[in-house]
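Protein chains in written order, with my numbering: chain A, 5 to 284; chain B, -18 to 260.
Source of the hints: derived by calculation from the structure; they are not laboratory data.
Values in this document were obtained by computation on a predicted structure and should not be read as measured data.
From the three backbone atoms N, C-alpha and C, an ideal C-beta is built for every residue, glycine too.
One or more hints might be untrue.
[Unchecked claim] With a straight-line Cα cutoff of 30 Å, these simulated DSS-like cross-link-like pairs (lysine-lysine) come out:
(1) Lys95(A) with Lys98(B)
(2) Lys232(B) with Lys34(B)
(3) Lys168(A) with Lys91(B)
[As the list claims (entries may be wrong)] According to the in silico footprint, chain B covers these stretches of chain A (three or more CB under 8 Å from chain B):
(4) 157 to 169
(5) 245 to 251
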Amino acid sequence: MAMIDRSFTIIIWIMAGLVLLAFGWLVSDVVVQGAPKLSWQFLMDEPTRSGREGGIYPIIVSTLLILMTALVVVLPLGLGSAIWLAEFSSKSSKRVRTTRLILDVLAGVPSIVFGLFGYAFFCGFLDLGFSILSGGLTLACMMLPILIRTTEAGLAAVPQDWRKAGAALGMSRTTLLWQVLLPYASPAITAGLLLSIGRATAETAALIFTSGYVDRMPESINDSGRALAVHIYDLSMNVVGGDKASYGSALVLILMVVIINLSASTLSEFWLEKKISRLK
Amino acid sequence: MSNGLVKGNAYTLGSIEQGEPCCDPIPHFSINNLAVSYHNEMVLSNVSLEVYKGCITALIGPSGCGKSSFLTALNRLSDMVPGAEVSGDIVFEGENIFDASIDVRALRTKVGMIFQKPNPFPLSIRKNLELPLKEHGVRNKSEIESKIFDALQSVGLWDEVKDRLQSSALSLSGGQQQRLCIARALILEPSVLLMDEPCSALDPISSGIVEEMIQRLAGRYTIIIVTHNLAQARRIANYAAFFWMTERVGKLIEFGQCRPLFESPQHSLTAAYVSGEMG
Chain A
5 MAMIDRSFTI
15 IIWIMAGLVL
25 LAFGWLVSDV
35 VVQGAPKLSW
45 QFLMDEPTRS
55 GREGGIYPII
65 VSTLLILMTA
75 LVVVLPLGLG
85 SAIWLAEFSS
95 KSSKRVRTTR
105 LILDVLAGVP
115 SIVFGLFGYA
125 FFCGFLDLGF
135 SILSGGLTLA
145 CMMLPILIRT
155 TEAGLAAVPQ
165 DWRKAGAALG
175 MSRTTLLWQV
185 LLPYASPAIT
195 AGLLLSIGRA
205 TAETAALIFT
215 SGYVDRMPES
225 INDSGRALAV
235 HIYDLSMNVV
245 GGDKASYGSA
255 LVLILMVVII
265 NLSASTLSEF
275 WLEKKISRLK
Chain B
-18 MSNGLVKGNA
-8 YTLGSIEQGE
2 PCCDPIPHFS
12 INNLAVSYHN
22 EMVLSNVSLE
32 VYKGCITALI
42 GPSGCGKSSF
52 LTALNRLSDM
62 VPGAEVSGDI
72 VFEGENIFDA
82 SIDVRALRTK
92 VGMIFQKPNP
102 FPLSIRKNLE
112 LPLKEHGVRN
122 KSEIESKIFD
132 ALQSVGLWDE
142 VKDRLQSSAL
152 SLSGGQQQRL
162 CIARALILEP
172 SVLLMDEPCS
182 ALDPISSGIV
192 EEMIQRLAGR
202 YTIIIVTHNL
212 AQARRIANYA
222 AFFWMTERVG
232 KLIEFGQCRP
242 LFESPQHSLT
252 AAYVSGEMG
C-alpha cells in the first residue's frame, strides 16, 4: 500500500509541476519578449504603421470603455438575477430549473456565437453599428451566465441558519441580504466577477464583429474601438513585423488583468471586513 | 437546580428579574385543531391545546412526531418552509395569527424563537443585538446601549462579554452563543419564547446554564420548549404535551400539568414513553 501511495504522490507532484511549468513558460515568454517594448511612450502614444510602431493608448482606452460598458450592464442584472434565483424563487419550480439550465448552456457557448449574435442584434437590429457600446453589450451577454451562477452558488453556500434567525426576528429579507448574506458571500461573488472579467478581457472573436478594429482614439462609446486582445491578434496574424508590439500589448493585457483582480479582491475584502466579523 | 453548577466559576449568572410564579392558567396561545402538512403529506393533525401565560410548556415525544412543526407554526416560520401548509386556528393575544390582517414581522417580534443550533450572525456581539433593534426602528444610541445591557444581563452574559462587544459572536463558546441568541430574541421584548431543543447541541455545563436561565425567564415570558431530555422537561416545565406518531401522522396524545403527566399519565402511550419503555 505504501508503495502505491508513494507512486501516486509522485505522479500528482509531476502533474502539478507540469502545469506550473507550462504556465511559467508562457508568462515568462510574454514578460521577456514584451518588457523591452514597455515604456511610458508605448502606453501613451497612438499606434503608427498599423501598430508596428508608436503605442497603444487608444487601444487601452477602448478596452477599458468596452469593459466598463459591459460591467455597468452585468453588475445590476447579474447580481439581481442571482439574488432572485438564490433567495426569492422557489428552488424546485420548473421556471427556476429552466433558467439554470439555460444559463449553464450559455456559459459554455463559444464566443464566436455571441459575436455573431451581437453583430446581428446590437450592430444590426438595434442599429448601434460597430461600436464600443455594441462590443460591451455583447461581452455583457457572455459574462452574465458566469456571474449569475457563481453568485448564486456563493449565496447558496451561506448557512440557512441565518435566514431562519433573521426571519424569526421579524427582519426583512432585504436587511438580511445586505447586512449578512451578501457580505458573507462577497468573496464568491468577487471570484465570479473576476472570472467573467477574465473572459471579457481575453475576448477577441466576439469583439471583431461588434466593436470593430479601428485603432484610433474613440470619441464616444458609439465609436468603433479596438480592444487589446483584438490588437494582439491583428499584430501577430496580419501585420508583418508586429511581433514586438504584439508581445508588449500582451504584457500590458496581463498586467491590466492582474491590477483589476487585485483591486477587486482588496475592495471585497475591505467590505467583508467592515461588515462581517469572522473568526481570525 | 439539580445540575452541578459550581459556584464562582466563569459561568455564573447575573442578577435576573423573576416574574410572578405560574399559578393562574391564563391562555396565551389557544390552538384549535391545528394540522401541518408538507407537500400534501400530513405530519401533524388535530392538535388542540392552550399554552398558559408565564408558564413553561414542554413538548415531548420521539423524533419526527411533529413537535418542531407545531412550534414553527406558532410564529408562522412555517411560511418559510417550501410546501408547508398549516390549517386550524391559533389565537395569540386575542387574534388569529393566520388572519390576513396579521403583520407577521410584528408577530415574530412578540414570539421569539431559539433554535437547536446556536445561530448568531457572523457579526460582532454588539451588532448581533443592534441589527434586530435597528430593523424595528430603535435608533436612539443610549436606548440601544441600555437595551443591549439589559438583554445581556437577562441571559447572564454581560459580565462575560462586556469587554469584548466588538469581537465576533462566533468567537463565543456554544453555550455563550446560545445565550446570545436568546438575548437577541429578548431584546425585541417578546412575550413568548419558542425553543427548539435549545440545549441539545451544547455540552453538559453550558446546557445546565441555559436550562437554569430558562427557568429564571419563566414568569416574565411564556416559554414553549421542545426537548428530548425528559429529565429536563420534568425539572423545568409547568405543563407538558406529549406527541406521538400514529399511522405516520403526529398527534397530541396527552396534555396537562407536568408532574401529573409524568407521575400518573392518563394514556398508556404516555406512560410507556415517560417510563422509557417505548420511543
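Between Lys232(B) and Lys34(B), is the straight-line Cα distance small enough, at 30 Å or below?
-> This hinted pair holds, its Cα atoms lying about 23 Å apart.
Coverage claim, chain B over the segment 157 to 169 of chain A, checked by counting residues with Cβ within 8 Å (three needed) = holds (count 6)
Cβ contact check, 8 Å cutoff: the segment 245 to 251 of chain A against chain B, three residues minimum | Since 0 is below three, the answer is violated.
CA of Lys95(A) to CA of Lys98(B), is that 30 Å or under?
-> Satisfied, since the Cα-Cα distance of roughly 24 Å is no more than 30 Å.
If you draw a straight line from the CA of Lys168(A) to the CA of Lys91(B), is it 30 Å or shorter?
-> Holds: Lys168(A) and Lys91(B) sit about 16 Å apart, inside 30 Å.
When held up to the earlier numbered hints, the structure conflicts with hint 5 and nothing else.
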